[in-house]
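Protein chains in written order, with our numbering: chain A, 34 to 243; chain B, 34 to 243; chain C, 34 to 243; chain D, 34 to 243.
Worth double-checking, as some hints may not be accurate.
Pairs count within a copy or across copies, as identical chains cannot be separated in the list.
[To be verified] List time: in silico SDA-like cross-link candidates among lysine to any residue, alpha-carbon distance up to 20 Å:
no., residue 1, residue 2
1, 189, 222
2, 184, 46
3, 189, 45
4, 189, 41
5, 184, 118
6, 184, 48
7, 189, 42
8, 184, 45
9, 184, 74
10, 184, 154
11, 189, 171
Honestly, the hints are just simulated from the structure, not real lab data.
As a plain string of letters, each chain reads:
There are 4 protein chains.
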Amino acid sequence: MPTTFYNSIAGRNLHRLEALSDGVFAIAMTLLVLDLRVPAAEAIHDERGLAHALGALAPSLLTYLMSFLTLGIFWVGQQTQHEHLARGDRAYAWLNIAFLMAVTLVPFSTSLLAAFIAYRIALLLYWANILLLGLLIGAILYRAETFGLMKADVPKDYRAALIRRVVIAQMLYAFGAALCVFSNWWSIGFIVAVQLVYAIGPRMKPFSWL
Amino acid sequence: MPTTFYNSIAGRNLHRLEALSDGVFAIAMTLLVLDLRVPAAEAIHDERGLAHALGALAPSLLTYLMSFLTLGIFWVGQQTQHEHLARGDRAYAWLNIAFLMAVTLVPFSTSLLAAFIAYRIALLLYWANILLLGLLIGAILYRAETFGLMKADVPKDYRAALIRRVVIAQMLYAFGAALCVFSNWWSIGFIVAVQLVYAIGPRMKPFSWL
Amino acid sequence: MPTTFYNSIAGRNLHRLEALSDGVFAIAMTLLVLDLRVPAAEAIHDERGLAHALGALAPSLLTYLMSFLTLGIFWVGQQTQHEHLARGDRAYAWLNIAFLMAVTLVPFSTSLLAAFIAYRIALLLYWANILLLGLLIGAILYRAETFGLMKADVPKDYRAALIRRVVIAQMLYAFGAALCVFSNWWSIGFIVAVQLVYAIGPRMKPFSWL
Amino acid sequence: MPTTFYNSIAGRNLHRLEALSDGVFAIAMTLLVLDLRVPAAEAIHDERGLAHALGALAPSLLTYLMSFLTLGIFWVGQQTQHEHLARGDRAYAWLNIAFLMAVTLVPFSTSLLAAFIAYRIALLLYWANILLLGLLIGAILYRAETFGLMKADVPKDYRAALIRRVVIAQMLYAFGAALCVFSNWWSIGFIVAVQLVYAIGPRMKPFSWL
Numbered sequence: 034m035p036t037t038f039y040n041s042i043a044g045r046n047l048h049r050l051e052a053l054s055d056g057v058f059a060i061a062m063t064l065l066v067l068d069l070r071v072p073a074a075e076a077i078h079d080e081r082g083l084a085h086a087l088g089a090l091a092p093s094l095l096t097y098l099m100s101f102l103t104l105g106i107f108w109v110g111q112q113t114q115h116e117h118l119a120r121g122d123r124a125y126a127w128l129n130i131a132f133l134m135a136v137t138l139v140p141f142s143t144s145l146l147a148a149f150i151a152y153r154i155a156l157l158l159y160w161a162n163i164l165l166l167g168l169l170i171g172a173i174l175y176r177a178e179t180f181g182l183m184k185a186d187v188p189k190d191y192r193a194a195l196i197r198r199v200v201i202a203q204m205l206y207a208f209g210a211a212l213c214v215f216s217n218w219w220s221i222g223f224i225v226a227v228q229l230v231y232a233i234g235p236r237m238k239p240f241s242w243l
Numbered sequence: 034m035p036t037t038f039y040n041s042i043a044g045r046n047l048h049r050l051e052a053l054s055d056g057v058f059a060i061a062m063t064l065l066v067l068d069l070r071v072p073a074a075e076a077i078h079d080e081r082g083l084a085h086a087l088g089a090l091a092p093s094l095l096t097y098l099m100s101f102l103t104l105g106i107f108w109v110g111q112q113t114q115h116e117h118l119a120r121g122d123r124a125y126a127w128l129n130i131a132f133l134m135a136v137t138l139v140p141f142s143t144s145l146l147a148a149f150i151a152y153r154i155a156l157l158l159y160w161a162n163i164l165l166l167g168l169l170i171g172a173i174l175y176r177a178e179t180f181g182l183m184k185a186d187v188p189k190d191y192r193a194a195l196i197r198r199v200v201i202a203q204m205l206y207a208f209g210a211a212l213c214v215f216s217n218w219w220s221i222g223f224i225v226a227v228q229l230v231y232a233i234g235p236r237m238k239p240f241s242w243l
Numbered sequence: 034m035p036t037t038f039y040n041s042i043a044g045r046n047l048h049r050l051e052a053l054s055d056g057v058f059a060i061a062m063t064l065l066v067l068d069l070r071v072p073a074a075e076a077i078h079d080e081r082g083l084a085h086a087l088g089a090l091a092p093s094l095l096t097y098l099m100s101f102l103t104l105g106i107f108w109v110g111q112q113t114q115h116e117h118l119a120r121g122d123r124a125y126a127w128l129n130i131a132f133l134m135a136v137t138l139v140p141f142s143t144s145l146l147a148a149f150i151a152y153r154i155a156l157l158l159y160w161a162n163i164l165l166l167g168l169l170i171g172a173i174l175y176r177a178e179t180f181g182l183m184k185a186d187v188p189k190d191y192r193a194a195l196i197r198r199v200v201i202a203q204m205l206y207a208f209g210a211a212l213c214v215f216s217n218w219w220s221i222g223f224i225v226a227v228q229l230v231y232a233i234g235p236r237m238k239p240f241s242w243l
Numbered sequence: 034m035p036t037t038f039y040n041s042i043a044g045r046n047l048h049r050l051e052a053l054s055d056g057v058f059a060i061a062m063t064l065l066v067l068d069l070r071v072p073a074a075e076a077i078h079d080e081r082g083l084a085h086a087l088g089a090l091a092p093s094l095l096t097y098l099m100s101f102l103t104l105g106i107f108w109v110g111q112q113t114q115h116e117h118l119a120r121g122d123r124a125y126a127w128l129n130i131a132f133l134m135a136v137t138l139v140p141f142s143t144s145l146l147a148a149f150i151a152y153r154i155a156l157l158l159y160w161a162n163i164l165l166l167g168l169l170i171g172a173i174l175y176r177a178e179t180f181g182l183m184k185a186d187v188p189k190d191y192r193a194a195l196i197r198r199v200v201i202a203q204m205l206y207a208f209g210a211a212l213c214v215f216s217n218w219w220s221i222g223f224i225v226a227v228q229l230v231y232a233i234g235p236r237m238k239p240f241s242w243l
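If we strip away everything but chain A, and leave its shape as in the complex, we get (with noise of 0.2 Å):
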């Protein structure tokens, strides 16, 4: 009788999982909102001087903004094509343990771009998570569909349209990240209106093709 190794029958429960991964994504949206920082009350002394205040905390709204579109995008964009398995596997497991590290390390990159917002760096830095992000939820997908773990009944073109996305999406993250040789503020404005048509979903063409 063959042995039976630990590695053929750990991490195959998917509702685990999804629990892990609703409770990271939930905390990890909270956790971006402690960017916005209540003004320090000794330095204000009237309505006018908290109004200002208030107004330095715009970038940090920005990005505060930008990233819970990220996670929400990636979440929907995980969950999409999750519910399509019909078992999972120990790598299939920690392929998204590996997504989730990413998804942890978004409220730190959205802090060093709230911080330093004008910094190329730090720019450069946001778009390497969200490119891992993307790299990650392509390879999740890729050990799915080549190790048999979808459902059968799942249509061929559902597949391609999961790819699609997330290959589309990412030419187009890298296309805002690279304006940023212009200005970071560019670049900001470009993956954030790319995300909200993400989020808005408009049903006309160019939009519905993406």
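Let chain A serve as the given structure and place chains B, C and D on it in line with the hints.
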């Protein structure tokens, strides 16, 4: 054969949406407590000093209570709507994500109000946060109704009850916020009173009509 | 046809309530660790210095352990009651939300006690937090019983066991808190000992009667 | 009729235990990122300065990665064991709560090691945390086996695989920790290497025997 678009297959899992929502609400509720700051040990030399320092937390405790009630009310509201759904779609998921974004803002607007409890801007921003929650929960309900996402057997007057609740509550909150022309304390007192009525749910008129 | 009131259809989903509860407990448990502050690197120059600084964390470690046990005990208690429910209602949901509010206060009262471990006020506030948890878990049970929310096949003596547990535990906690007239250390030692008995659950008399 | 004791009916719900576990793991994983502190803006004047400051985060990034792997490995392990359970009991629940306590300690021992990466005490405390996780996951398995909580159809060699995994892993971690007599960097390098083998799970000997 028509191409399948990502948007037509994305974000349909209602259970995942519930798990994300419960996670975000749970974290936002728990983060509120971070506003209750333990007094600095250096400044305190005896029991009387500690009692005095704890007394200074009273405004924070009040805003903590108010925000916990806010989150509780909207959690019960979202759950009550959501329960009658037969299926989800992408736009429904994204409206919920936007709603959760407004939820994660509550710890920020609460901290702001606790730190600047006599400032009208802080109070109006807090109210704007409640208004945003109300608009989004209304939008979620509207989407569910107009796109046929609700179960067929939900009686018409259930929907009426859900809409009436959101509209009346927002009118009361707006009235409460307007009381800040007299004093923020009037506003906060009125809003907490309204929330306690919603939480306790007395069975006598006129409260049962709310 | 009578009007349907929101209150009669709200907050009935038991599964959502479980998910929110587990989330709040999980976060409150994890936030406790933030009281264990890593010593400041500037003040430490060798292994001996680090060992000394870590030794100074002992009171925080003790209150951390005590609060983890507190939360564990109430989580097991709430779960054990909740499991016997056939259905929920609005008041049941709100009593649970109030209970969760008391749960989120635990990290605060723990931090306070860790910072002021020799102060009677800090100890009594900690005890007041436990008392509030006990009163609310009792109120939840009372609601479930008197409004017929429990499954029909729950034996009568189950309910007796649940009530007896809450009452005896609160009497022991109150006695423990009263020991602070001698010293807070007596109180903390007694409460931790009681909690360990509840956690370990020895099968010999008199412990099995607790 | 014999009295029903609370202990005989408490803490039996396996689903609640999973939800609490997934919550605690998700939060502990996400809290790790708080060690990656955004450099202070005042000290940084150009891209080069930011790059330099980010380079100083390398040790924190390493301990972050190591702890994420630690938590991932124990999450997969607990899930794999738990999945084979037919029912729970009070002691099983409490052993899991103790295990979750050790999980919540990981962000602390990680922060400590990141701040004092060259200190042997910090490394040994980190290892003690891993050892505690190992002892408790072993105790959970032991309880499940000896009290007949596992499903009847779990093959004998599954259990052997689960035990072998825990024992071998702990031996490797202990060896890694012992390497600190040479240098903490040897220890950390060895432990991360072991963890990557567990995460990647190569299918060739000798790795498949681990």
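Hints the structure fails to honour: 1, 9, 10
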